[in-house]
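*Asks:* So you can see what is in the structure, the chains are spelled out below.
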Amino acid sequence: MFDEMRLGDRARQPYEAYENWFHSQDPARLNEKSQDAEKVFRRTGITFAVYGEAEAAERLIPFDIVPRILSGKEWRRLVQGIEQRVQALNAFLYDIYHRQEILRAGRIPKEIIACNEAFLPEMIGVRPPGGVYTHIIGVDIVRTAEDEFYVLEDNARTPSGVSYMLENRETMMQLFPELFQKVKVLPVENYPQLLRDSLAAVRPANCDGSPSIAVLTPGSFNSAYFEHAFLADQMGAELVEGQDLRVVDGRVAMRTTQGYKSIDVLYRRVDDDFLDPLTFNPDSILGVPGIMDVYRAGNIAIANAPGTGIADDKAIYSYMPEIVEFYTGRKAILRNVPTWRCSEPASLSHVLDNLHELVVKEVHGSGGYGMLVGPAASAKEREAFAAKLRARPANYIAQPTLSLSTCPVLTEKGLAPRHVDLRPFVLVSDRIRTVPGGLTRVALKEGSLVVNSSQGGGTKDTWVLDD
Amino acid sequence: MLLGRAANGLYWMHRYIERAENMARLVDTGHRLALTQTGTASDEWISVLTSAGAREAFEQEERPHDTASVTDFLLRDLSNPSSVMSSMETARTNARMVRTALTRETWESINEAWMALRRMLMRPVDERDLPAVLDAIKRETALIRGAFHGTMLRNEIFDFAQLGTLIERADNTARILDVKYYVLLPSVAWVGSPLDNHQWQTILRSVSALRSYRWIYEGYEPTSIADYLILNRRMPRSLAFCYRGICDALEFLAEEYGARHQSHDMAAAKREKLRSASVSDIFEEGLHEFLKDFIRDNGALGDQIAADYRFY
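Top line first, the protein sequences correspond to chains A and B. Here the first sequence is numbered in UniProt numbering, starting from 1 and rising by one per residue. Here the second sequence is numbered in UniProt numbering, starting from 1 and rising by one per residue.
Heads up, a few of these hints could be off.
Claimed, not checked - Simulated pairs of lysine to aspartate or glutamate, EDC-like, Cα-Cα distance not exceeding 20 Å:
#, chain 1, residue 1, chain 2, residue 2
1, A, 39, A, 16
2, A, 261, B, 308
3, A, 331, B, 308
4, A, 39, B, 108
5, A, 184, A, 467
6, A, 39, B, 308
As the list claims (entries may be wrong) - Restraint-style ranges between C-beta atoms, simulated for each label pair:
#, chain 1, residue 1, chain 2, residue 2, range
7, B, 78, A, 346, 30 to 40 Å
8, A, 77, B, 104, 35 to 45 Å
9, A, 32, B, 132, 45 to 55 Å
Derived from the structure by calculation, the hints contain no laboratory data. Virtual Cβ for every residue (Gly too), placed ideally from N, Cα, C.
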């Protein structure tokens, strides 16, 4: 097991300065600071709702005060890999909604697109403003050894969590100002400005001057509402709901106290299915009737574009090495986790035979729901899951349980290792923009590999050193 | 530029903060009377319920008009949309919805008030703790107002918030006066006659105006009290004061947007009436009729503002 902080009896190089500082601290004071952090989050209202809990009270995502630290060198290598990946994702999306060269070349099977719910026929032949499909991507990365990073998922639809990246840093700087004097950490605070610049760069061709930008939220009861409000606020954009919007004279417009004002760029945090009741789910009240017509006419930019889900689908994921190579002409810098597609009979039988050491996921699932972690499951749970697998094999993929790296968290008994992952955020428009950092999620239960906040995971501040 | 939904959120957020504060004052007054006049305590609670516009809802269930059940209904009951806890929930939900329009200080003051009051009102309030709880409500709402006035830019956001506060406050003052006059002045013949000081003080106390009243007037004459609460433009809870503020806010909006609406005319007419009327005119017209009309028109102004500024 690879621990990111400690190697044998000494600290790994990126953690040296932090560890020195840590050992000079009074443990009681650190525990107090840890409680202060919780108060800050509650007062600020950085909370989320958990679906499926009646009377869902607002909950905090637990925050751990020990940072996750990457050296500049480690980060630069990750960035290369991520940039290559998001270029490939956008090229793939353009291709899949136009000439489908990759299917003609036989590099991925046609059925996987044709029978995929995430593929939107409405997007065929549509060229989004700026030619960009997925503008905001959160690539989930895990580490298993010094030089081994794997991409777990490409969140290319509406990745969330960036507000935690920013608030975690803000909180750390409030709690430990002196620490930031000792350790030079690259700043992340310009992310909202970069997001604004990036969105402005894909404004429709007919928009001259400063574009009107809005963030579309499902509303204040959505689990990620805090983030929607936070980003709109920080960008100086309007925070709108479906009920504020309608199509007026061929433009999407928001109802203001002085009448309807048109919008040029919409950063939507509403799923495809709810975006336009005239095109997709007719019962949706979260979207805007007719927005797809405006979009197809090139009169609004939507980030991320409708139909991007086809690129981060778990069935597509297993083809990412081929996709990266097909569009960039080079091997993928970041590795994929080896993946068995249960739709293939040989893979299915392998998966059924080795369920006790695999992680099985739903192709369209997210948030850690509907998955089986083989080594942690009981024989009975595995049996029940095997039945589901046999019934709908194409609905599942399986991966080996990776030995995720650990990073220490502060517990009442001192530091203790817990498994972590990393979600850096990337912005794509006229160019690619990244901030040095990301969201580190941590499984707070000892030994647990599930880092999702909906399943009891926490977060850490993520440092990239200025070295 | 402000979304119509955001203007609506700001307006109602401030109405409900004001309502929570007024409710605490009303309960405070009722409690004082219940303590001092044991014989008529239930009458006093009935008049508090009526002033709060909550009597009908309260009486839908069989329960005594005593301190425990009335205060519980007015402070904690979430089935009563105007209880302090309901008001704070609604105010915070609206604040969350418009949080991009609020300064961090304002949002945090509301969020903290909500957390503190929720903790305090989680269980029924013991009568011994009632004064402390009522103080806490008044203090928390004062902190919100302080953060708001101290940090918010005086723009359209501020104006819509002011409109909510002042329309709610005017409604509240008019109701208290209307209900109390029924209790205190059963017949017109009583007008002008000296009354039980204690009863009169309760009206002033319920709008936090007891001390300031004595700075200006001598003796508790019905006409003086009506003059103070209706026409005195320096008294921050009087109808005239509220309408001056309402007109100011609407004028700022007209200037900023370069457009006037029907609500401007409605508010200006009411303000003019409050400026030119004398208290004897009002008593001649009939105080109850005057207040009834006022409450109706004040509500209509709120609706008109919502229509003029596209709240929905």
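*Asks:* If a hint holds in the structure, say so; if it does not, say that too.
*Replies:* Structure-based check of all given hints:
Restraint check: the Cα-Cα separation between residue 39/A and residue 16/A comes to about 29 Å, which exceeds 20 Å; the hinted pair is violated. Our distance criterion of 20 Å between C-alpha atoms is met by residue 261/A and residue 308/B, whose separation comes to about 16 Å. About 61 Å separates the Cα atoms of residue 331/A and residue 308/B, which puts this hinted pair outside 20 Å; it is violated. Between residue 39/A and residue 108/B the alpha-carbon distance is near 12 Å, which keeps this suggested pair within the 20 Å criterion.
A hinted pair counts as satisfied when its Cα atoms are at most 20 Å apart, and residue 184/A with residue 467/A qualifies at roughly 8 Å. Only pairs whose Cα atoms come within 20 Å are accepted, and residue 39/A paired with residue 308/B is rejected, the gap being roughly 41 Å. Hint check: residue 78/B to residue 346/A, Cβ distance near 59 Å, so the stated range 30 to 40 Å is violated. Checked against the hint of 35 to 45 Å, the pair residue 77/A and residue 104/B passes, with Cβ atoms roughly 37 Å apart.
Look at residue 32/A against residue 132/B: about 28 Å separates their beta carbons, and that is not inside 45 to 55 Å.
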